[in-house]
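Chains A and B supply the protein sequences, listed in that same order.
Start counting the first sequence at 38; every next residue gets the next number (the numbering used here).
Start counting the second sequence at 38; every next residue gets the next number (the numbering used here).
Among these hints, one or two may not hold up.
If several chains are the same, the list does not tell them apart, and a pair holds so long as it fits within one copy or across any two.
To be verified - Below 30 Å or equal to it, Euclidean Cα-Cα: the simulated DSS-like pairs (lysine-lysine) are:
hint: 1; residue 1: 119; residue 2: 597
hint: 2; residue 1: 269; residue 2: 597
hint: 3; residue 1: 233; residue 2: 261
hint: 4; residue 1: 423; residue 2: 269
hint: 5; residue 1: 269; residue 2: 551
hint: 6; residue 1: 597; residue 2: 551
hint: 7; residue 1: 600; residue 2: 269
hint: 8; residue 1: 246; residue 2: 261
hint: 9; residue 1: 254; residue 2: 277
hint: 10; residue 1: 91; residue 2: 475
hint: 11; residue 1: 107; residue 2: 597
hint: 12; residue 1: 162; residue 2: 254
hint: 13; residue 1: 119; residue 2: 74
hint: 14; residue 1: 254; residue 2: 174
Source of the hints: derived by calculation from the structure; they are not laboratory data.
Since the model is a prediction, treat every value here as computed from it, not as a measurement.
2 protein chains.
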Amino acid sequence: MRARLLAAIAAFVLPAPVLASGVIDNVNGIALDATGKAVRFGAMLIDDEGKVEKLLPGRYQEPPRKKKLKKGETWPKGPDFKLDGGGRTLIPGLIDAHGHVMGLGLSFITLDLSGTRSLSEAQAKIRAYAAANPARKWIIGTGWNQEAWGLGRFPTAAELDAAVSDVPVWLERVDGHAGWANSLAMRAANVTAATKSPAGGRMEMAGGKPSGIFIDKAMDLIQKAAPPPAPKDRDIALEKAQQALLANGVTGIADMGTSIEDWQAFRRAADRGALRVRIISYALGLDNMVMIAGPEPTPWLYDDHLRMGGLKLVLDGALGSRGAWLKADYADAPGQRGLELIPSTQMRNMMSRAAMDNFQIALHAIGDAANSEALDAITELVQTYKGDRRWRIEHAQIVDPADLPRFGQNGIVASMQPAHEASDWRMAAARLGEARLKGAYAWKAMLDNRVPLAFGSDVPVETPNPFIGMATAMSREDGEGQPAGGWMPQQRISFEAALDGYTRQAAYAGFAEKKFGSLIPGQRADFVIIDRDISVARPSDIRSTQVLETWIGGKRVYMKGVKP
Amino acid sequence: MRARLLAAIAAFVLPAPVLASGVIDNVNGIALDATGKAVRFGAMLIDDEGKVEKLLPGRYQEPPRKKKLKKGETWPKGPDFKLDGGGRTLIPGLIDAHGHVMGLGLSFITLDLSGTRSLSEAQAKIRAYAAANPARKWIIGTGWNQEAWGLGRFPTAAELDAAVSDVPVWLERVDGHAGWANSLAMRAANVTAATKSPAGGRMEMAGGKPSGIFIDKAMDLIQKAAPPPAPKDRDIALEKAQQALLANGVTGIADMGTSIEDWQAFRRAADRGALRVRIISYALGLDNMVMIAGPEPTPWLYDDHLRMGGLKLVLDGALGSRGAWLKADYADAPGQRGLELIPSTQMRNMMSRAAMDNFQIALHAIGDAANSEALDAITELVQTYKGDRRWRIEHAQIVDPADLPRFGQNGIVASMQPAHEASDWRMAAARLGEARLKGAYAWKAMLDNRVPLAFGSDVPVETPNPFIGMATAMSREDGEGQPAGGWMPQQRISFEAALDGYTRQAAYAGFAEKKFGSLIPGQRADFVIIDRDISVARPSDIRSTQVLETWIGGKRVYMKGVKP
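For reference, chain A alone in the conformation it holds in the complex:
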């Protein structure tokens, strides 16, 4: 009798622990099934572990009560909390398949030039920042873009000196693939006319002297002299990055190029229970991979909040700084074909080193030559490293149309950033000429080739706002609606495919599709409540979507208008 009684009690009273079960009721819910098809629901049950228990087609109904309790029975436990969604639209938590978490965070606590529309506006901002921060031994910043300034050329050290000349200044271009130094920074780094550009980099020259612009690996020449962020600053940066991501409905992100310092900041946050966004980490090079993860990918840590699963290798630079590695000369810079950052054999050795220990490989490839090289290398390595590898090509931006079908082979994932298209379309046409644009930002072609297509922001290069990304994917118009009807509109994709790219496919690209991404029962209850039904909205309306609430693991982690 006693045993039976206890069992009966246990069945109702336990499990009662940390996480409460709950109901999100009265929503216009959109989940994705195993094939990426949108599934509607009206209410969601969340279990005690913060996982999706069930999706209900209509409203939630309290279970009917029996008239009488038997001896020892208690009323069945209802949900611990109930949220009435007021009919709002609920979608799976958005996953950014390619971002730089610490880069985003540091952009909030260093000089941020993104949004400046002219060199003189940037100079004024730099001058004001230096005046407001007299204690800084170096001025570090990011976000400039000579294309957005309409400058038609790179800025110079002299132009930076004109803003600040009494402190070293080092400013990364918006894409992270070039840096701009003032004279004092070059002096501090011992950079002179005699300094040689390293392989994979280019120090721009003007009148026989360094101009102040350093491309890709040449950035190290200055960077090594600049002070790295202090751990305390990294912690602040990570918190700010999380706030920005959550406010945009981003519940998970693939961190593309995690250093050991970044990883330790993720750990510190997680150790004190402050890591809310899920981070799928890809190590910045082999040394970081081995240092962070050791002999194999880490398990999912902290209730599926953090995992180091792969290696990021950067094959070429970016298009804006003409570092993207092309098969033929730049249309606007004859004789230049960009930068091959890792020699062919060395790259295959690095890929092998990671693949033999079951790390996933993510290859940054922007130019058509880089994409060919990535495809070649993967095609060779799949002979040795079999199984479900999900080789990733990051950006896959300018692809030789002849190479497009190769993405459909060997399970290669295309990890692309729709917002780049909106930022780049004019510049890309100038850099490449019309003839090479056929395989540029070719989302629809990827889908037609049945390539898993994961979407990301490349934050802080672009905004972390995935709704802008979705709208761009659907319209190929930029924020000003240009060009009307879309640039190369044959590459527009459907709403469903755009949402899929930012959720289920982004999770799949990070080996996380069993953990989160689609709101399939059993997954973590990561979701976003938004102010409009994006499944029926026009792209221009989707752009302005407001995130009302963000939930991760069955807990609300962001509410619009409420300070964290």
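Since the structure of chain A is provided, determine the placement of chain B on it from the hints.
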């Protein structure tokens, strides 16, 4: 009514979770009170979290049952497990206040020369190891001691070549303060007659050429060419280290000089639930400190299994290799006074850098000059860095008697290793001469000065067996009972003080005394069941104590005769 019923049920049914509560009954229990006095008990109650709930003076009694249950009541839950200790002696889990966890572990998977009694025995062992491991590109090993060989001088590269000449060989001395290279290792490292000894190190010369012996910082000359252990090897090493510690009743250890690679191995083990021994970590230098812990000491992680709380700085070398920094010349090497490894100002800067972020400081000081320097530096820094800092001096081996009272000031902790005395007493007399021995291994003098005295092994330099340490602390006789009656017997200490040094004081030295160390209720239930009552045994019997069971956090993690 329903609420009241639920509350009543909850009180009895919850908490039910992961860790079971239990009773260790029928033991000859020894705990330590807050002053270090031994307290007897007969049974221990362990709560659901694996903490000591209560110590009972006699046997455990089942709580009496009421005749009738009220409505909704159930019988009080008894303990989930009960162990009859059969009257065996139970003591707090032993804490090693100074060891090298990965060094211990790696000694099991590399060539181990400890225990060799002659150069020719060592040569034979090296030869056999190389033959058995033909795939190794380098032969790496440790544990040699020319003193134990009765060699009266260091061995040479030629003598190592005689054992193995076709593969580079690099063997650390037992104390880690000298290394022995063969000719091929020196060639691989580009070490020639023209190579300069770095500051803080000495490359021994013979006939104008490097002899093959590298002292302290000169070890880097060879080490940088030798391959570091792979992460997989570190994981194996850590597991073997834990097994060795647990088999010796060691439930916690201060890891004195943790590198980022070591830390990551600790993390990997903890992440998969395989870190059983509690590790109080002190970073190997500032770079590792910042890399591992960031802006401040980490919190206790993994249920009090791991914490990075401090910085280890090495002020001098060791006595055996004449690296210990003395105030006057070595008695057996006129003109030599050992090595000051960190210049005075630099050391204070490093200490400040750590102390300002609230890291604890542990200063390795063996020679009397090094101990004076450590005391001077601490005396200066306490002006700025106030509060409960627990400045540690590691080894405190040869102390100028005039400096002994200074240990009693400013809350300085003496972290000493009794086994060193047994290993060193003949050599120490030779190195120092009689006049300088008064403050050597002066445990009793420390206690008389009310210095917190924490004991450790310096494993792998000495055995991890704390019972040998305790026996030595009580007798000052070595394993052969030499010298009979003890070397400088006035420095012998009581059993209670010896146990205190290996438990409560070792925890205190690591800011862990609230977590574990004494079996005071509320602490983690870390304890050891042994085969004899060491409180009444003679030191020579304590030496042979067998550990029957080791428990950590209320869970049995070692049983004699049972393979892990």
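Structure-based check of each hint:
1. For the homomeric pair residue 119 and residue 597, the shortest alpha-carbon distance inside one copy (19 Å) is at most 30 Å, but the shortest distance between copies (54 Å) is not.
2. When the C-alpha separation of residue 269 and residue 597 is checked against a cutoff of 30 Å, the pair qualifies only within one copy, where the shortest distance is 27 Å, while the shortest distance between copies is 46 Å.
3. Taking CA atoms no more than 30 Å apart as the test, residue 233 paired with residue 261 passes in both settings, with 15 Å inside one copy and 27 Å between copies.
4. Proximity of residue 423 to residue 269 under the C-alpha cut-off of 30 Å is restricted to the inter-copy arrangement: shortest distance 22 Å between copies versus 42 Å within a copy.
5. Taking the shortest alpha-carbon separations for residue 269 and residue 551, only the inter-copy value of 28 Å comes in at or below 30 Å, while the best intra-copy value is 34 Å.
6. For the identical chains of this complex, residue 597 and residue 551 are intra-copy neighbours only, at 29 Å inside a copy versus 42 Å across copies, given an alpha-carbon limit of 30 Å.
7. Proximity of residue 600 and residue 269 under a CA criterion of 30 Å is satisfied intra-copy only: 22 Å inside one chain copy versus 45 Å between copies.
8. In this assembly of identical chains, residue 246 and residue 261 lie within 30 Å of each other by CA distance solely inside one copy; the values are 20 Å within and 37 Å between copies.
9. In this homomeric assembly, residue 254 and residue 277 come within 30 Å of each other (Cα to Cα) only inside a single copy, at 28 Å, whereas the closest approach across copies is 42 Å.
10. In this assembly of identical chains, residue 91 and residue 475 lie within 30 Å of each other by CA distance neither inside one copy nor across copies; the values are 44 Å within and 76 Å between.
11. In this assembly of identical chains, the alpha carbons of residue 107 and residue 597 never lie at most 30 Å apart, being 46 Å within a copy and 51 Å across copies at closest.
12. Only within a single protomer do residue 162 and residue 254 lie at most 30 Å apart by alpha-carbon distance; the minimum there is 27 Å, versus 49 Å between protomers.
13. For the homomeric pair residue 119 and residue 74, the shortest alpha-carbon distance inside one copy (27 Å) is at most 30 Å, but the shortest distance between copies (56 Å) is not.
14. In this homomeric assembly, residue 254 and residue 174 come within 30 Å of each other (Cα to Cα) only inside a single copy, at 24 Å, whereas the closest approach across copies is 33 Å.
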